[in-house]
Structures are given as C-alpha cells and as structure tokens.
Amino acid sequence: MSSERRQFKSVKEIPPEDYYTSGRRTCAGCGPALAYRLVLKAAGVNTVVLGPTGCMYVANAHQFLTSPYAVPWFHTQLGGGGAAGAGTAAAFRALMKKGKRRLEDVNVVVFGGDGGFADIGFAGLSMGMSYDYPRLLYVLYDNESYANTGIQASSTTPWGATTTFTPSGKVRRIGNERMKKNVALIMATHPGVRYVATATLWPPLDLMNKVDKALGSGGPSFIHVLVPCPKGWFTPPDLTVELSRLAVETGLWVLWEYENGRFRLTYKPSPRKHVKNYMQLQGRFAHLSASEIDMIEEVTGREWEIWAEMDRTGKLIVPWVPPLKSVEG
Amino acid sequence: MKALTRTDLEAVQIPRRRPITGARAIAEAVKIADVDVIAAYPIRPYTGVMNALAEMIANGEFTAEIIVADSEHSQFEIVKHASAAGARTFVGSSGVGLIYAAEAIVVTAMDQLPVVAIAGCRALDDPGNFGMEWNDTLFFRDSGWLISWAKDPQEALDMTLVAYRVAEDRRVMLPHFIAVDGATITHIAAPVDTPSKKDVAEFLPPYRPHYTLDPAQGPVTKAQHIAPSLIGPEQRKHVDVAMKRSREVIAEAWRDYANYVGRTYDPFIETFRMDDAEIALVTMGAYTINALHAVNEVRRDGIKAGVVRLRYFRPLPAWDLKKVLSGVEGIGVLDFSYSFGSPDSAGVLFNEVRAATYDDPKPALDFLFLGGREPKPADFVKALKILHDYVRTGDTPGGKRVFWLTLRGEDI
Chain B
12 MSSERRQFKS VKEIPPEDYY TSGRRTCAGC GPALAYRLVL KAAGVNTVVL
62 GPTGCMYVAN AHQFLTSPYA VPWFHTQLGG GGAAGAGTAA AFRALMKKGK
112 RRLEDVNVVV FGGDGGFADI GFAGLSMGMS YDYPRLLYVL YDNESYANTG
162 IQASSTTPWG ATTTFTPSGK VRRIGNERMK KNVALIMATH PGVRYVATAT
212 LWPPLDLMNK VDKALGSGGP SFIHVLVPCP KGWFTPPDLT VELSRLAVET
262 GLWVLWEYEN GRFRLTYKPS PRKHVKNYMQ LQGRFAHLSA SEIDMIEEVT
312 GREWEIWAEM DRTGKLIVPW VPPLKSVEG
Chain S
6 MKALTRTDLE AVQIPRRRPI TGARAIAEAV KIADVDVIAA YPIRPYTGVM
56 NALAEMIANG EFTAEIIVAD SEHSQFEIVK HASAAGARTF VGSSGVGLIY
106 AAEAIVVTAM DQLPVVAIAG CRALDDPGNF GMEWNDTLFF RDSGWLISWA
156 KDPQEALDMT LVAYRVAEDR RVMLPHFIAV DGATITHIAA PVDTPSKKDV
206 AEFLPPYRPH YTLDPAQGPV TKAQHIAPSL IGPEQRKHVD VAMKRSREVI
256 AEAWRDYANY VGRTYDPFIE TFRMDDAEIA LVTMGAYTIN ALHAVNEVRR
306 DGIKAGVVRL RYFRPLPAWD LKKVLSGVEG IGVLDFSYSF GSPDSAGVLF
356 NEVRAATYDD PKPALDFLFL GGREPKPADF VKALKILHDY VRTGDTPGGK
406 RVFWLTLRGE DI
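Note that the protein sequences, when read in sequence, are chains B and S.
Each position in the first sequence, counted from 1, maps to that position plus 11 in my numbering.
Each position in the second sequence, counted from 1, maps to that position plus 5 in my numbering.
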C-alpha cells in the first residue's frame with residue numbers, strides 16, 4: 012500500500028467500493044452513517060476502524076449479528092477512543108519494527124461521537140494527539156448530543172438547543188445554556204500535530220479530501236465532522252445533507268484546516284446566509300424567539316471576523332469566540 | 006577428601022543471582038518475554054516496574070512501544086487494543102488507579118485478550134494510603150481475569166513469564182493479573198536468578214493469536230453491540246470454559262517451566278510443615294514468609310502448625326485446598342482483604358476459603374491486617390496461639406471469629 016495522496020477532484024473519482032455497507036440499523040437520514048461511508052471510502056481497504064460507545068455503536072452490528080464493516084472493526088469504551096487508536100497504532104509499529112508483521116501503511120481510524128471525544132474521552136484523545144503515530148486519524152462525528160440514550164446535552168450541543176438534560180422549560184426557557192466546545196481548535200493547539208480539520212456532509216469531496224490529507228500527513232490527525240441527526244434535531248430525514256449545507260452557508264459551521272502549522276478556511280460563504288435559514292428548520296431551536304436567533308446571527312458575524320483574520324494570517328487565534336451577551340429569560 | 010581444583014569449581018554451575026527489587030524482577034521478565042506494547046501511568050507502589058522498563062527501552066536492551074498514558078483507563082484500553090492487533094502487551098497499576106481502569110479491565114476479559122498486568126497491591130482510598138491491602142486486586146475477583154499471587158521477587162519474575170504462556174494458550178485466552186504485595190515485593194531487593202531469553206524461547210514462543218484486528222487478516226468485527234437474547238449467556242459461558250480449562254494449562258505450564266528453567270513450584274498451592282500439622286494458616290503473597298517464621302516459633306512450644314499458601318486466586322484451587330486442609334483441626338486465614346457486611350463480617354479470602362471447604366467444614370478464624378498498617382512478627386504468632394486455643398478449648402478471646410490484628414483501638 013503506497014502512502015501517496017489521491018485527492019478526489021470530482022464525484023466521478025469517488026471509488027465505488029464501500030467499507031461501511033449494509034447490515035446496520037441507523038435511523039433514516041442518519042448523518043453519522045453518511046460520514047462513516049465517505050470517510051471509509053477515502054481511507055480505503057487497508058484500514059482498522061475503532062468505535063467508542065455511542066449511537067454508531069448501538070446502531071451498527073447489532074440485531075441478527077450482522078456487521079456493516081468490510082474492514083476490521085473493534086469497539087472501545089466510551090472514554091477509550093484516544094487510547095484505542097494509540098494502542099492499535101503502537102501495536103502495528105512495534106510488530107513492523109520487530110519484523111513480526113510485514114511493513115505496510117495501515118490506517119487506524121477512530122470514530123468518536125461528541126460524547127466520546129468532547130466529554131468523557133477528551134483526555135484520552137488529547138493523549139493520542141500528543142504521540143507521533145502516522146496514519147492515525149481521530150474523527151469526531153458530532154451530532155451535537157448523546158443521541159443514543161435519548162438526546163442528552165454534550166459539550167458540543169449548541170447554545171439554545173433543547174435536549175432531555177437541558178429541556179426548554181417554563182423557568183429555564185433557553186435549553187442548553189453552554190456554548191458549543193470547539194474541539195478541533197483545541198486539538199490544533201497540540202504540539203506536533205500534523206493535520207486538523209473540520210468538515211460536514213457537504214461538500215462531500217471536502218470531507219473525503221481532508222481524510223486523505225489527514226492520513227497522509229505523517230502524524231496524528233483529527234477531523235471534526237458535523238453530522239445532522241434527524242432524531243436529535245427534530246428534522247425530516249431528507250433534510251440531512253441540506254442541513255449540512257446550510258450550516259456551512261450560514262457560517263455556523265466553519266470549514267477549515269490546519270496543516271503543518273498553517274490555518275486556512277476551505278470554504279467562505281459569500282454572502283453568508285442568516286442563521287435562521289438553518290435554525291428554523293430544526294425542532295430543537297423551536298422555542299427560541301426571533302430576537303434570540305438574531306443575537307446568534309450577530310455573534311456568528313463577530314466570530315467570522317476572527318475566522319477571517321485566522322485565514323489571512325494563517326495562525327490560530329484563541330479564544331475565537333466573543334463573550335455571549337446575557338439574554339433575558 | 007580431595008581439595009577442589011579450579012577446574013572443579015568452573016564445572017559447578019553457579020546461577021546468576023543478583024539482588025534486585027521485585028519491580029525490577031518483573032521488568033526483567035517482561036524484557037525476556039519480548040513484549041511489544043507497554044502502557045504506563047504512575048501510581049505507587051507498582052510504578053517501579055514501568056520505571057525499569059522505560060530505562061531498559063531507552064538503553065536499547067529491548068524494543069517495545071511504551072506509551073505514557075493520560076490515565077489508568079487509557080492504559081488498559083491501550084493494551085487491550087494493542088493485544089487485539091496482535092501485539093504482546095504489558096500493563097499494571099495499584100490501588101485506586103486499578104479501580105479507575107475497571108471498565109477497561111472487565112472488557113479485556115470479556116473480549117478474551119491475553120493482556121498481562123501487574124497489580125501492585127495497595128490500600129484503597131480514602132484516605133490516601135500507601136500501605137498494602139488486597140482489596141484493589143480482589144475488586145476484579147469476578148471479572149474473568151486469571152489472578153496469581155507472588156511470594157517474592159524471584160517468583161514474581163517466574164510468574165510473569167508463566168502468565169504469558171497461560172494467558173496466550175488457545176485453550177485459555179484470558180487476561181492475567183500477577184498480584185504482588187505493595188512495597189514488600191515491589192520495593193524489596195532479593196537475590197533473583199534471571200533466565201536468558203534463550204532459556205525461555207521454547208517455553209514462551211511469540212504470541213500468535215487466532216484473529217487479529219489487522220487488515221492483512223481481512224475484516225473482523227469484534228465486540229459488536231448485541232441483543233442479549235442472541236449470545237449474552239453463551240459469551241459468558243465461553244469465558245467460564247476458558248477459566249476452567251486454565252487449571253490444566255497452568256499445571257502444564259509450571260511443569261514445563263521447571264524443565265526449561267530448572268526451578269520447580271507446585272502450581273497452585275505451597276505448603277509448609279503441613280505433614281503433621283493440626284492447625285493451618287492459609288494466606289497469599291509476601292507475608293507468607295512471616296507466617297513461616299511464626300510457625301517455626303510456635304512449634305518450639307509444641308504447637309503443630311503449618312502454612313498453606315495459595316499461588317492462584319483465580320482460578321481458586323479449591324480441590325487442592327480441600328485436600329491439604331482435610332487433616333487439620335482448625336484453619337486461620339491471614340487476610341489483607343475485607344468485605345464490608347459479608348457473612349461473618351470477614352475478609353474476601355476468608356469467605357473464599359470457607360466456600361472452598363464447605364463440604365468438609367473446619368473451625369475457622371479470620372485474622373485481618375487491614376488499612377495498610379504493617380503487621381509485626383508477633384501478630385502472626387498471636388494468630389497461631391489464638392487458633393491453637395480455639396481448637397483445644399472451643400473458645401476465643403471475646404468469643405470472636407474475626408480478629409483485626411493490627412487495630413490500635415477497641416474492636417467493636
């Protein structure tokens with residue numbers, strides 16, 4: 012297996028082979044399932060896939076003992092994603108170094124949910140990103156909640172979203188009052204990290220090319236993928252990819268990459284659509300007033316000044332988000 | 006008698022015994038076993054094992070990936086996955102660190118991955134306590150791990166080598182804890198004979214698993230989420246069968262080890278002065294040596310006492326235990342463990358011994374060394390005397406069956 016890059020120039024170049032196939036029971040319109048399919052198409056056959064507990068553990072390879080994975084796959088505990096990736100990569104390096112396995116590039120792709128990578132497994136992920144194992148890619152598939160256990164808030168749930176742990180109530184109307192944690196930016200601040208990017212299901216080639224770059228970067232890499240979740244976002248299944256597109260076009264989800272110490276926006280919405288185009292389609296934001304949505308629009312605009320500055324200078328700016336104005340309950 | 010010549014002296018095989026700590030001895034075994042992946046995270050008293058290994062790797066004594074993990078949970082997940090990918094692995098911890106890794110530890114057994122780990126026995130928090138206790142390791146009594154208990158640095162080294170052989174045997178495929186009493190083994194230097202890699206090459210061939218998580222082997226889906234109705238009980242039964250099979254594999258491995266290395270051990274149980282013993286002390290680990298001295302002392306007063314030491318806690322050699330205890334009139338358990346609210350309000354080992362001898366019950370007392378406080382030789386002699394009086398008169402001080410021997414205040 013060569014380690015040469017093979018950036019995909021058009022959809023026609025997407026390989027027909029799937030390594031995430033049938034035999035699953037994900038929801039109709041499942042965003043994570045689409046992300047798995049695209050990421051594994053880009054990674055190719057010489058890949059080991061690891062999955063911390065999450066909705067994609069419970070939804071895959073379950074009833075009737077079927078498995079959708081056409082590459083080796085192994086579960087790891089909810090907080091074990093970072094360690095699982097490092098341990099597997101360490102095994103391959105040791106076995107190859109000692110002549111116990113033939114020399115070959117083997118990709119190790121760990122798919123962690125936002126619970127697994129932004130919360131309980133955050134320390135382990137950080138540990139994994141601090142080593143120098145090549146072809147080790149951590150993918151955070153972020154559907155912005157613990158979707159498997161019935162939509163509970165995680166630390167990447169956006170401000171305002173209602174979840175079963177942060178419901179919109181009579182007294183506490185806003186729902187989730189914490190700001191979304193930007194895990195990709197935190198990962199990019201690790202020393203020695205080769206490649207960090209954000210992506211979503213749209214545009215698909217952007218996601219696949221970032222996977223290819225990450226695996227070829229020669230060091231640990233991380234991609235934060237926003238994946239709409241019909242169950243948790245209260246959206247119809249046929250809107251999944253459209254929501255990905257709107258998240259990008261409204262500027263709420265910023266597509267960027269950080270390659271060998273240089274920051275770059277990979278998509279600049281122009282003109283940027285109002286965030287209401289994205290938020291009003293989703294039941295989880297239904298309780299927010301127009302002025303609250305306008306406030307998010309305003310904050311997003313101020314954030315974009317910082318994103319543009321990062322793009323111009325190629326450097327990370329932390330913190331990247333201005334403080335949120337207090338909102339009348 | 007003819008005086009020895011220089012040639013005669015050279016013909017005598019003098020074993021290479023040098024004083025090293027238990028921690029160092031275990032590290033030597035890991036080096037000889039040519040382990041591929043090691044995951045380290047510090048906690049006293051086991052840390053010295055990892056310090057020694059890191060030094061060996063840094064000096065090029067052997068090649069392995071050593072990962073300095075962010076926590077014990079990650080430590081045990083690292084080796085679990087490295088093992089699944091086909092590597093021979095080593096890990097360890099102590100006290101609450103071991104408990105922090107509990108989630109990763111239990112899945113390693115359920116996935117039947119032959120990870121070998123050191124449990125450097127240490128009292129559980131709170132309060133932070135560096136003393137020795139067995140409750141950290143015994144937390145994993147019911148987890149499907151093999152658990153052996155070493156007596157001294159030499160045995161710790163031998164047990165580590167044998168552990169890989171047993172864990173990786175295709176009839177077993179279970180992870181293996183080697184429990185070493187904190188400080189009393191990890192930090193104490195004793196003369197240790199270190200076999201060479203050549204000596205054990207045939208005894209311990211490289212790890213060759215059935216199915217590895219490696220694209221070269223094709224797709225394998227491991228530890229998938231399942232409906233309990235499909236394979237839940239069957240999967241547990243697999244682990245049970247592996248544990249039961251481990252008995253013959255352990256016996257075989259120690260027999261083989263003696264052939265290759267020349268040191269002979271009874272695989273499951275060690276006895277001392279039990280031939281004519283009327284009372285027996287049952288124990289595990291490093292303090293066995295103190296018990297032997299106490300037995301020698303009370304025998305001078307005509308008390309016929311002996312010592313029975315369990316070398317394995319899982320599987321618990323109930324068959325051997327019953328046999329060696331069949332002739333005695335009373336059993337005293339030297340217990341560095343406790344189970345709050347258990348039958349008799351006693352130790353974990355006591356409950357296990359009682360269960361093992363259920364069909365042939367013996368009068369039994371439990372002597373507790375809890376909270377990490379160092380017991381003195383006099384405590385062991387005291388235990389023997391209380392047991393002796395109990396067998397003779399049917400009575401004990403205060404009518405008690407359980408004694409907190411190192412307790413300073415009142416036993417309420």
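Please keep in mind that the hints were generated in silico from the structure rather than gathered at the bench.
Since we're looking at a predicted model, the values are computed, not measured.
From the three backbone atoms N, C-alpha and C, an ideal C-beta is built for every residue, glycine too.
Just to be clear, a hint being listed does not mean it is correct.
Claimed, not checked - Partial chain B-side listing against chain S, Cβ under 8 Å, derived:
1) 86
2) 90
3) 317
4) 323
State the violated hints by number, sorted upward, taking the hints as numbered earlier in the document. Of the numbered hints, 3, 4 do not hold.
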